[in-house]
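*Asks:* Using the sequences and the accompanying hints, generate a full structural model.
These protein sequence lines are chains H and D, in that order.
With the numbering used here, you'll find the first sequence wraps up at 529, consecutive numbering, no jumps.
With the numbering used here, you'll find the second sequence wraps up at 163, consecutive numbering, no jumps.
Treat the hints loosely; a few may be bogus.
As the list claims (entries may be wrong) - In silico DSS-like pairs for lysine-lysine, Cα to Cα no more than 27 Å straight-line:
| # | chain 1 | residue 1 | chain 2 | residue 2 |
| --- | --- | --- | --- | --- |
| 1 | D | Lys92 | H | Lys527 |
| 2 | D | Lys130 | H | Lys469 |
| 3 | D | Lys120 | D | Lys75 |
| 4 | D | Lys17 | H | Lys475 |
| 5 | D | Lys130 | H | Lys518 |
| 6 | H | Lys475 | H | Lys446 |
| 7 | H | Lys171 | H | Lys334 |
| 8 | D | Lys130 | H | Lys475 |
| 9 | D | Lys92 | D | Lys17 |
| 10 | D | Lys92 | H | Lys469 |
| 11 | H | Lys527 | D | Lys120 |
| 12 | H | Lys469 | D | Lys75 |
| 13 | H | Lys373 | D | Lys86 |
| 14 | D | Lys86 | H | Lys518 |
| 15 | H | Lys334 | H | Lys441 |
| 16 | D | Lys86 | H | Lys469 |
| 17 | D | Lys86 | H | Lys527 |
| 18 | H | Lys518 | D | Lys92 |
| 19 | H | Lys125 | H | Lys54 |
| 20 | H | Lys446 | D | Lys75 |
| 21 | D | Lys17 | H | Lys527 |
| 22 | H | Lys171 | D | Lys130 |
| 23 | H | Lys446 | D | Lys130 |
| 24 | D | Lys17 | H | Lys518 |
| 25 | H | Lys175 | H | Lys334 |
| 26 | H | Lys65 | H | Lys50 |
| 27 | H | Lys475 | D | Lys75 |
| 28 | H | Lys171 | H | Lys282 |
| 29 | D | Lys120 | H | Lys475 |
| 30 | D | Lys120 | H | Lys446 |
| 31 | D | Lys92 | H | Lys475 |
Stated by the list, open to error - Using C-beta positions, here's what the derived DEER-type ranges look like:
| # | chain 1 | residue 1 | chain 2 | residue 2 | range |
| --- | --- | --- | --- | --- | --- |
| 32 | D | Val95 | H | Gly486 | 14 to 24 Å |
| 33 | D | Val95 | H | Lys287 | 49 to 59 Å |
| 34 | D | Lys75 | H | Glu239 | 49 to 59 Å |
Source of the hints: derived by calculation from the structure; they are not laboratory data.
A virtual CB, placed ideally from N, CA and C, is assigned to each residue, including glycine.
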Amino acid sequence: MKRIYKAHPLMIFSFIKPFLFVLIIPLITAVLRYLTDRRLTNILALEILCFSSVLLIGTARFLAFRLILEDDILRIKSGVIFVRTSDIRISRISSLQTERNPFDLIFCSVTCRINTEAGSLKKSDFKFKLNHRDSDELSELLFSDKTVSRARFSAIRVAIMAAATSSAATGMIVGVPVINRIGKLLGIGLERMLLDEITNVSSKFQNYFPPIVNTVTLIVLLAYAISFLYSFLKHINFKLSFGEDRLTVRSGFFVRVKTAFMRSQVNNVKIEQTLIMRLIRRYSMKVSVGGFDDAKSVSQVVVPSAKRKAILEEFAEYFPFLETKGRSLHPDRRTAIKNRFLLWPAVYFLLTLAASVYFCLRFPDFNRLIQFLTIVLLTVVLCYAFACLYEYKYGSLKLNENAFMQSNRFFGTRALYCPLKNIGQVKITRFPLDRTQGINRVRITVCSENADSIRVRFLNHRQTSEEIAKAFGIEEYFKCE
Amino acid sequence: MKTYALPKKTLWLWRIRAALAALLLIAICFFLPIPFDIMAILCCVILFLFCGAYFWYLPKFICSCRITVLKDSIIIKRGVIIENTHILPFSRLIHTLTVQTPLSKLFSLNMVLLKAARFRIFVPELSSADAQSLISEINSEEIYEKNL
Numbered sequence: 049m050k051r052i053y054k055a056h057p058l059m060i061f062s063f064i065k066p067f068l069f070v071l072i073i074p075l076i077t078a079v080l081r082y083l084t085d086r087r088l089t090n091i092l093a094l095e096i097l098c099f100s101s102v103l104l105i106g107t108a109r110f111l112a113f114r115l116i117l118e119d120d121i122l123r124i125k126s127g128v129i130f131v132r133t134s135d136i137r138i139s140r141i142s143s144l145q146t147e148r149n150p151f152d153l154i155f156c157s158v159t160c161r162i163n164t165e166a167g168s169l170k171k172s173d174f175k176f177k178l179n180h181r182d183s184d185e186l187s188e189l190l191f192s193d194k195t196v197s198r199a200r201f202s203a204i205r206v207a208i209m210a211a212a213t214s215s216a217a218t219g220m221i222v223g224v225p226v227i228n229r230i231g232k233l234l235g236i237g238l239e240r241m242l243l244d245e246i247t248n249v250s251s252k253f254q255n256y257f258p259p260i261v262n263t264v265t266l267i268v269l270l271a272y273a274i275s276f277l278y279s280f281l282k283h284i285n286f287k288l289s290f291g292e293d294r295l296t297v298r299s300g301f302f303v304r305v306k307t308a309f310m311r312s313q314v315n316n317v318k319i320e321q322t323l324i325m326r327l328i329r330r331y332s333m334k335v336s337v338g339g340f341d342d343a344k345s346v347s348q349v350v351v352p353s354a355k356r357k358a359i360l361e362e363f364a365e366y367f368p369f370l371e372t373k374g375r376s377l378h379p380d381r382r383t384a385i386k387n388r389f390l391l392w393p394a395v396y397f398l399l400t401l402a403a404s405v406y407f408c409l410r411f412p413d414f415n416r417l418i419q420f421l422t423i424v425l426l427t428v429v430l431c432y433a434f435a436c437l438y439e440y441k442y443g444s445l446k447l448n449e450n451a452f453m454q455s456n457r458f459f460g461t462r463a464l465y466c467p468l469k470n471i472g473q474v475k476i477t478r479f480p481l482d483r484t485q486g487i488n489r490v491r492i493t494v495c496s497e498n499a500d501s502i503r504v505r506f507l508n509h510r511q512t513s514e515e516i517a518k519a520f521g522i523e524e525y526f527k528c529e
Numbered sequence: 016m017k018t019y020a021l022p023k024k025t026l027w028l029w030r031i032r033a034a035l036a037a038l039l040l041i042a043i044c045f046f047l048p049i050p051f052d053i054m055a056i057l058c059c060v061i062l063f064l065f066c067g068a069y070f071w072y073l074p075k076f077i078c079s080c081r082i083t084v085l086k087d088s089i090i091i092k093r094g095v096i097i098e099n100t101h102i103l104p105f106s107r108l109i110h111t112l113t114v115q116t117p118l119s120k121l122f123s124l125n126m127v128l129l130k131a132a133r134f135r136i137f138v139p140e141l142s143s144a145d146a147q148s149l150i151s152e153i154n155s156e157e158i159y160e161k162n163l
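*Replies:* And the structure:
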């Protein structure tokens, strides 16, 4: 059966969107000026001409766009002068993502993203706008599979995940450009006003530390709040439905995102824990799907937050084919090895203390600020030591028909499951001291667009070599060694 | 199982590169607006590092490099102070790339880059014949069909 889909007219605006700031807004401003002051700028005629041609090209591109579904091939035709036709075998499609923002809700349109293993990182392979009904039909035809079960995650679980994964840095990255743009559009110094207000509020708090500390703390807290809100609104209304092989994830409040993919297309599953999640003993589960998403990450959250037992049960239910059996390798349980894990935190701890004492003696006027910075740095070092201890206790490597690796990642933890055939590279590193202690560090990288990798330190070298040789059928190499 | 080692010519190539790099750094030191004694210390450090690389590190590094082609994967082992072993299954290899610089062309050497999704492994300069043999072995019909 052959099905042909046309693009939604809103796609014209997607084509002219790149010219928004250089052409469209100046043109609107000029027209408004003409209507209010009866004054024409010299370049208005040129602007109108450029805008008309951009609009014309956009319309022609919209009319030329065709999506043809025939047997097991999806054909995407686009372009007017340079006509591009892409033929994709349906089995090669990794995921279909649909996104609906408030405008899409009004105009019954949907932004569709089709992803494959090919293509560039952090960019979806095909992006277009379809009618809402057409997109539903397309999703049904591409991933036709009866829904077996549905799960809905409460707002509290989403809030826990948002609180645990948000950071002040993300808040600044998201918030600062928005504030800057709003300020420019309104023609007022919004950043200056905001900073003055923060300084004013922070000066009301009297404590041992200097006022700058209060100001910085308030900025960090505000940025964290922005990041939390962004993450919460992105993941709220989190619903998961799965069929025999299909997995569909829905989330979002203002912008509703629906992602469908086949479980067999999953490259790897990650069970992660950030530092805050470690403190409240919660985990989140993510999957990495080929060429997925055009955001900063190419992984999809499957379970926002759950306790260890619950998340392992959910993992066994959704991805039973990724469970690993067999011998598990752990860091050697020796005091010398435990000390190696804590060596760098101890070095950083002593360096921080030494630097703090030096600066306190050198700059006595800034004593209170230096003390505050020392407390912050020492807390970071302690968190690092906490993460290193986790690696010593729970670091693990298991290779069978599937691979399982568990270790720390920055201050959090990560457990990674993937089929053995998906492993792209195994890197064994040995430092001089590792050679004398008979240990090594193993880094395994999954062959995917995301290239998720995990490093397990200080494993027994002989046992690791044996396991790797057995898993990859390279016994002869290690025998010769 | 077939093992490739780096030829002696690779050692000379890297020694020339190290010498050129040391000369360049010393030249930069001469042009820097710093006192003569600091410049002299910097030059001495550069010369010391160069001698270390020329007489100790580079010969050891070239000797440590071993490329082993097995029936399903390629293993590259190298390193003097930090020993690295890369295991790359053929099924995950996307393409191979050979690079020849004007200097390596003089020595008839080729550098090989093995490219998998989102990461690459670099094999230091092999003789052109060895590089060709390695690539043809990786791209052999038997391995290709097995990984299809």
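*Asks:* Are lysine 373 (chain H) and lysine 86 (chain D) close enough, with their CA atoms no more than 27 Å apart?
*Replies:* Given that 27 Å is the threshold and the Cα spacing comes to 26 Å, the pair holds.
*Asks:* Hinted pair, alpha-carbon criterion (27 Å max): lysine 17 (chain D), lysine 527 (chain H). Please report holds or violated.
*Replies:* holds, 14 Å
*Asks:* Run the distance test for lysine 120 (chain D) versus lysine 446 (chain H): straight-line Cα separation, threshold 27 Å.
*Replies:* violated, 45 Å
*Asks:* Can the restraint linking lysine 527 (chain H) and lysine 120 (chain D) be considered satisfied, given a maximum Cα separation of 27 Å?
*Replies:* Distance ~36 Å between lysine 527 (chain H) and lysine 120 (chain D) Cα, so the pair is violated.
*Asks:* Hint check: lysine 130 (chain D) vs lysine 475 (chain H), CA-CA at most 27 Å. Holds or violated?
*Replies:* Holds. Lysine 130 (chain D) to lysine 475 (chain H) sits at ~15 Å (cutoff 27 Å).
*Asks:* Are lysine 120 (chain D) and lysine 75 (chain D) close enough, with their CA atoms no more than 27 Å apart?
*Replies:* Distance of about 23 Å is within 27 Å: holds.
*Asks:* CA of lysine 130 (chain D) to CA of lysine 469 (chain H), is that 27 Å or under?
*Replies:* holds, 17 Å
*Asks:* Would the pair lysine 92 (chain D) and lysine 469 (chain H) pass a check requiring their Cα atoms to be no farther apart than 27 Å?
*Replies:* Holds: lysine 92 (chain D) and lysine 469 (chain H) sit about 22 Å apart, inside 27 Å.
*Asks:* Please verify whether lysine 171 (chain H) and lysine 282 (chain H) have alpha carbons no more than 27 Å apart.
*Replies:* holds, 19 Å
*Asks:* Hey, lysine 92 (chain D) versus lysine 527 (chain H), does the alpha-carbon distance stay inside 27 Å?
*Replies:* With a Cα-Cα distance of about 15 Å, the restraint between lysine 92 (chain D) and lysine 527 (chain H) holds, given a limit of 27 Å.
*Asks:* With the threshold set at 27 Å, check whether the alpha-carbon distance from lysine 475 (chain H) to lysine 446 (chain H) stays at or below it.
*Replies:* With Cα atoms ~15 Å apart, lysine 475 (chain H) and lysine 446 (chain H) stay inside 27 Å; holds.
*Asks:* Hint check: lysine 125 (chain H) vs lysine 54 (chain H), CA-CA at most 27 Å. Holds or violated?
*Replies:* holds, 10 Å
The structure fails hints 11, 12, 20, 26, 29, 30 (numbered hints given earlier, in ascending order).
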